[in-house]
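Student: Spelled out from the first residue to the last, the chains are:
2 protein chains.
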Amino acid sequence: MIKQIQGGVCAAKGWSASGIYCGIRSNKNKLDLALVYSSTLASVACTYTTNKVKGAPLYVTQKNVANGQAQAIICNSGNANTCNANGIEIAQAMCELTAKELGIKASDVVVASTGVIGAELHITPIKNGLPQLVAELSTNGHLRSCQAIMTTDTFSKEIAVEFNLGDKICHLGGMAKGSGMININMATMLCFLTSDVKITSALLQKALSEVVADTLNMVCVDGDTSTNDMAVILSNGLADNELIATENEDYQVFKTALFEVLNYLSALLAKDGEGATKQLICHVLQAPSILIARAIAKNVIASDLLKAAMFGKDANWGRILCAIGYTEGDFSIANISVTLSSKAGELLVCQYSFGVKFDEDLALKVLAEDSITIQINLHNGNHSAVAYGCDLTYDYVKINGDYRT
Amino acid sequence: MIKQIQGGVCAAKGWSASGIYCGIRSNKNKLDLALVYSSTLASVACTYTTNKVKGAPLYVTQKNVANGQAQAIICNSGNANTCNANGIEIAQAMCELTAKELGIKASDVVVASTGVIGAELHITPIKNGLPQLVAELSTNGHLRSCQAIMTTDTFSKEIAVEFNLGDKICHLGGMAKGSGMININMATMLCFLTSDVKITSALLQKALSEVVADTLNMVCVDGDTSTNDMAVILSNGLADNELIATENEDYQVFKTALFEVLNYLSALLAKDGEGATKQLICHVLQAPSILIARAIAKNVIASDLLKAAMFGKDANWGRILCAIGYTEGDFSIANISVTLSSKAGELLVCQYSFGVKFDEDLALKVLAEDSITIQINLHNGNHSAVAYGCDLTYDYVKINGDYRT
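Protein chains in written order, with my numbering: chain A, 1 to 405; chain B, 406 to 810.
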């Protein structure tokens, strides 16, 4: 059984965290430097953005985790350290200074940055802040570290779960940041996960890659793939369970816990999408393949026309059919049904790919809620997928366009 | 030499057109039925949306043009005749009624519809309107027919050109509609072209397909591929030039004229994108292939983040690098330069893929204009492409979300 608990990234044994304001941002009321630390070396696995233009920290992290081990995560907000001539040098320096202060190896540090692209990141505030950041490491530090990675997020996003492997109690916690930043502009996503499960880095990577495909990779705020996206999991083995080295039952339990955590964070990321007034959840059922199910769910959730209609509480299901139709892949469009639902009720709007008459008053009520589920059944196979997104609002345009005016 | 002239779709010999209000729309101040007619049979070529969910008229048109010949175009606005159980039947009836009134064959009629998806289209107003529509056919009817295909377009879009093939004066005219519709919601594009050049339908198709790839297919308003997109060209041969049956010099001249017409209409479609306050033109230079050049130009022009920044006059070039970076294909991101320009000046913002200091005051002036050119040089090949788009504004959200509220 997987039980939700408190503690975020500090819920697992041996983990502590902290978050401070060090001076990267001009706004002193926001934290801008986060540290997450394990008392012992941990197995590590990562997934990165597929953008060819990558933030410098991603290259340094990739190098540092190549041996499958890491012990700390240092992350700043307010600046993405991307497209900077000295970016690698700065990211490297962040690792070295963090390692020195913690008494660990620089190559055991995961480094990440989030914020404006192409603005120089200075090392001085980070260097000056590190002693305090390390001094404040605590098992209560999860919330502050979570706050320190936020950009235009309007609320912090963390979760932890507890579960058994054999007779051992194990833990997995995580935090994530989404889109938005006072000084900016990008839909950056970062996700850091910590655990005390004993697992090889190879299987940790396998579990992360597979679960991310169904969770973080199914979140769409505006369709722009960030340069700095990164999801990292570290697991230090302090739960003392039997080492997971094959895809046994324990692996399946761990993977289920990981899914629960990432699914929870993904839904929050969508809910807090820039300017969003409501969350959209798109379930695609009975598709001929998992890839087609995912592609359809993503296209529907990413359609600006549909997103604007949802903002306007307009049950314009033609836009859903339109987005399904421009999805690549071999599937039948002959027998599609579409249902819109929320706490206020459920509404069948399309059957056998043709419109059905529906109650417009009920439609308004259903779409007035802050979480709308769009269920699409292709009746063309047995694969399904879920994507998370949000509506397109005046505030999205405002946040991303009005900054300098 | 290709010379721009008046006359739209009636500029070529033998062509007439008309546009009326027949009662499909509830708003009687808008026209909703258009007819374009050639006094003789014409070679015909078409390109269609790649959306799997297609409007019923597309299927009927596809069948009717299969023999390479057509003589008239009937098009209604206000209703897309898409996802309707009796859609094919209605589209077929539109052809039959038009043919009967004109005294031609139903299989020589091109039929198109644009408007709301999934609302039943009734034949009665069309049937009742056709006698008047045919009676009003005239060489001055081009503007009214152009108006009758508009949806939320804020201005009509037509053009005509004159050019010589041998000692014959030839003509090519066109009209297009873009996105927007009082009753709706879709980014539908329709484009109808008429000519008096004598050319085989095979070469007409080749020229159309090739030119569309560089023009209509490079326009992006919101990234939603419509169900009803269609570009049609009819050429009746009345200019009496030597039949173009091979890719000879005449073919090249004709193709150049076609490019000029479609490029002009494409730029207008972008300029009149829903809610747009400015046109965006993205030039990609020195790319390793034409497909990569096009893909980059499209991704940049389609980025919501960049579109919102352009609306806000924010020279946020990091978003351009971001969109370049998530383009698929094998190309180098090591040596990218980006220039923003308009009537007010030119601004180098990124060189060798790193930011350069620029004058923020000049940036504001450059971006305050109503047409902004984004020039991207990859320094990684010798292929180029141009895409047309527009900014993302409050009004886009309003048009597409606020309709029922």
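Incorrect hints may appear among the rest.
[Unchecked claim] From the derived model, a few chain B residues whose C-beta atoms are all more than 10 angstroms from chain A:
no., residue
1, N456
2, S631
3, T632
4, D709
5, M715
6, S758
[Stated by the list, open to error] 27 angstroms max Cα-Cα, derived DSS-like pairs, lysine-lysine:
no., chain 1, residue 1, chain 2, residue 2
7, B, K660, B, K408
8, A, K398, B, K762
9, A, K127, B, K762
Think of the hints as simulated: they come from the structure by calculation, not from any bench. Every value quoted in this text rests on a predicted model; they were computed, and no experiment measured them. Using N, Cα and C, we set each Cβ at its ideal position, and we do this for glycine too.
Student: Taking the hints in turn, state whether each one holds.
Tutor: Consistency of the hints with the structure:
1. N456: violated, 4 angstroms
2. S631: Incorrect as stated: the minimum Cβ-Cβ distance to chain A is 7 angstroms, not above 10 angstroms.
3. T632: violated, 5 angstroms
4. D709: Per Cβ check, B:D709 is inside 10 angstroms of chain A; nearest 4 angstroms; violated.
5. M715: violated, 8 angstroms
6. S758: violated, 6 angstroms
7. B:K660 with B:K408: holds, 14 angstroms
8. A:K398 with B:K762: Since the Cα atoms of A:K398 and B:K762 sit roughly 25 angstroms apart, the hinted pair holds (cutoff 27 angstroms).
9. A:K127 with B:K762: holds, 26 angstroms
Checked against the numbered hints given earlier, this structure breaks hints 1, 2, 3, 4, 5 and 6; the rest are met.
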